[in-house]
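From just these sequences and the hints, can you work out the full model?
Protein chains: 2
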Amino acid sequence: MSESLSPEAFLKAVKYDDKGLVPAIAQSGATGEVLMLAWMNAATLAQTLASGRVTYWSRSRQSAWTKGETSGHHQHLIEARLDCDGDAIILKVDQLGPACHTGAPSCFYRKAD
Amino acid sequence: MSESLSPEAFLKAVKYDDKGLVPAIAQSGATGEVLMLAWMNAATLAQTLASGRVTYWSRSRQSAWTKGETSGHHQHLIEARLDCDGDAIILKVDQLGPACHTGAPSCFYRKAD
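As you go down the protein sequences, you meet chains L and G in turn.
Take the numbering used here: the final residue in the first sequence is number 197, and no numbers are missing along the way.
Take the numbering used here: the final residue in the second sequence is number 197, and no numbers are missing along the way.
The reader is advised that the hints may include incorrect statements.
Copies of the same chain are indistinguishable here, so a pair counts whether it falls within one copy or spans any two.
[As the list claims (entries may be wrong)] Below are the BS3-like pairs computed for lysine-lysine, each with C-alpha atoms no more than 30 Å apart in a straight line: (1) Lys195 / Lys176; (2) Lys195 / Lys96; (3) Lys176 / Lys103; (4) Lys99 / Lys176.
The set of hints was computed from the structure by calculation and includes no laboratory data.
What follows is the structure in structure tokens.
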């Protein structure tokens, strides 16, 4: 079951939170591993869909950041999907190098025993 | 690369947002498909780790809800992981039936063309 939306319709269907943000999950297109969760606003989501290079919104720095711009560990967009109620996004990506700033392949390297 | 935490240490390491919530991504342990994103507070996360049955916090209803309690589409916890900065969780689950209330296997059934 899959429904295709134009980029314009996709952008319109997103429901942002009270800060104008939506959580975006990055998943490796190659392995299916979930790499990270970060945030987007309308501008960085539009930029990501248009350019194919993933750009997030930093809540701590209050600015846009293109993944890999300092580390070189870019994320190239394979596919963007929106959930049923429009308030979460998943990005299938081609991840260059490790996704995490710690050097781990995924940010989710801590496991409950 | 993986780091093991006791349930107590895991619970302490979580950084909740200003509403006391953390986003939790549910991923199928069987297929690797990302099923949904929902929210947890400290109590529902502790309950999930202790019981092995996934319980979220509903932001709209302001109450705890155990996935499947009305639909029968339970999520049994396989593994819980926390990200590098402690503000996002991934739950690998054994999903009974479809994850989405629409009947779709995953909530992420809308795709940008």
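Against the structure, the hints come out as follows:
1. Lys195 / Lys176: both (23 Å within a copy, 11 Å between copies)
2. Lys195 / Lys96: Classified as between; 13 Å across copies, 36 Å inside a copy.
3. Lys176 / Lys103: This pair counts as both: shortest intra-copy Cα distance 25 Å, inter-copy 29 Å.
4. Lys99 / Lys176: Cα proximity of Lys99 and Lys176: in one copy and across copies (20 Å, 26 Å).
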